[in-house]
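Since chain D is already given, all that's left is putting chains V and U on it; use the hints.
Protein chains in written order, with my numbering: chain D, 61 to 209; chain V, -2 to 133; chain U, 84 to 192.
For the record, the hints were derived by calculation from the structure and aren't laboratory data.
It is possible that part of the hints are untrue.
[Claimed, not checked] Only pairs whose alpha carbons sit at most 20 Å apart, straight line, appear in this in silico SDA-like list of lysine to any residue: (1) Lys165/U <-> Thr127/V; (2) Lys130/V <-> Ile180/U; (3) Lys179/U <-> Ala102/V; (4) Lys36/V <-> Leu103/V; (5) Lys197/D <-> Ala102/V; (6) Lys197/D <-> Tyr186/D; (7) Lys36/V <-> Leu179/D; (8) Lys36/V <-> Glu112/D; (9) Lys149/D <-> Asn160/D; (10) Lys125/U <-> Ser169/U; (11) Lys36/V <-> Asp85/V; (12) Lys179/U <-> Asn126/V; (13) Lys106/D <-> Leu179/D; (14) Lys165/U <-> Lys36/V.
None of the values given here were measured: they were computed from a predicted structure.
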Amino acid sequence: MLDIFSTMNISASGMTAQRMRLDVIADNIANAETTRTPEGGPYRRKNVVFQEVLDKAMGIRGGVNNTLSTDQLGGVHVQSIVEDQRPFKMVYDPSHPDANEEGYVQMPNVNVLREMIDLINAQRSYEANVSSINATKAFASAALGIGRG
Amino acid sequence: MSGLFNSNFGTLPAALDAASTRNTIIAQNIANAETPGYKRKEVDFEHYLQQAMGEGDDLELKKTEERHFQKYSSNIQDVQARVRTVSDTRITNDGNNVDIDQQEALMAANTIRYQTLSRLMSLTIARYNTVLKGVR
Amino acid sequence: MSNGIDPISNTNSLDPIKRLEQLQSGQANQVKNGEAEPDFQKILNDTIKNVNVQQKDAVQAEDDFAAGKISNIHDVIIRAEKAAMSLTLTMEVRNKIVDAYKEIMRMQL
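Looking at chain D on its own, in the form it has when it is part of the complex (with noise of 0.2 Å):
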């Protein structure tokens, strides 16, 4: 694929990952007071896991210099969204109908503190892959202006 396209994707790549992890910090901000879910128990915080992106079928090129070639390079994907197995807060409210003998109510282990500290990182890398777009495009108007004077 044409050098410019594939850098775009790489960039696209890193936008639909952080956006994924911002639905994914949406929810567990929405859910942070959520005691019951369809598994059963409160609900636990969620976490994605990126992972490179790199197309072995295309073999590393130049073997005797161990050199990587950019053809190679597929960005970021969400690998899987894994469960934080933290332990639930417990909280003291004997007055909630989901609270055991003793009162204490399982809730779930989310930080909203650190959630929004996460969502301002995800928005952050997601302006950053957005400017590595624009950087991408100021290389091919760059490059067809080769010649024109």
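Same frame as chain D, but now just chains V and U:
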């Protein structure tokens, strides 16, 4: 014809290639800025070109293994960019060593570099055209 | 008229054979008062040499920039533009000379 243009556009085509490769590499780094265990990639070109131009360190490279870098060919037009994975710098908790701000700055600088190189390419072509077409 | 140039004696400079002799003996470069006029051929040669130097300088600037040894973009661009301009100028002058030559060749003698 190919001989004529290969020899006379000098280092510009390779430099443009290198800048383009660097752009792709930086895009990959930025896309993977939060991938656990991802190691930053870098492009080496200027150093090799300087070596080929007869500057920089003139030390012979000792080859103890077949895959080691060979000392650069003396022809400056044959210098190619190389991609290298950097794994020995500051690493965050998740084993990732991409500094997204640094990458963005590099990308901005690289874009300006590419624009300058393509402008130089245009000027070179214009010089050829001046001679080939005459000025009229 | 106050210069004292004799219009009749001046016409012998139009004599083609005489001019040719003058050219061959190198007298064409001499003005009446004996002061040496800059040699046209020398000027042309110097100009072309200068153009060549400019071209080489432009290529050097490109190489240096490609090798990351120049950090000033304006420096590279100015050197490349200089080369382009001097080349254009030389080509312009060449065209004028060719035109002048053609003009002379068309002249009815």
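Hints, verified against the model:
{"no.": "1", "hint": "Lys165/U <-> Thr127/V", "in the structure": "13 Å, holds"}
{"no.": "2", "hint": "Lys130/V <-> Ile180/U", "in the structure": "17 Å, holds"}
{"no.": "3", "hint": "Lys179/U <-> Ala102/V", "in the structure": "50 Å, violated"}
{"no.": "4", "hint": "Lys36/V <-> Leu103/V", "in the structure": "16 Å, holds"}
{"no.": "5", "hint": "Lys197/D <-> Ala102/V", "in the structure": "16 Å, holds"}
{"no.": "6", "hint": "Lys197/D <-> Tyr186/D", "in the structure": "17 Å, holds"}
{"no.": "7", "hint": "Lys36/V <-> Leu179/D", "in the structure": "23 Å, violated"}
{"no.": "8", "hint": "Lys36/V <-> Glu112/D", "in the structure": "10 Å, holds"}
{"no.": "9", "hint": "Lys149/D <-> Asn160/D", "in the structure": "13 Å, holds"}
{"no.": "10", "hint": "Lys125/U <-> Ser169/U", "in the structure": "17 Å, holds"}
{"no.": "11", "hint": "Lys36/V <-> Asp85/V", "in the structure": "9 Å, holds"}
{"no.": "12", "hint": "Lys179/U <-> Asn126/V", "in the structure": "18 Å, holds"}
{"no.": "13", "hint": "Lys106/D <-> Leu179/D", "in the structure": "13 Å, holds"}
{"no.": "14", "hint": "Lys165/U <-> Lys36/V", "in the structure": "44 Å, violated"}
The structure fails to meet hints 3, 7 and 14 from the earlier list, while all remaining hints are met.
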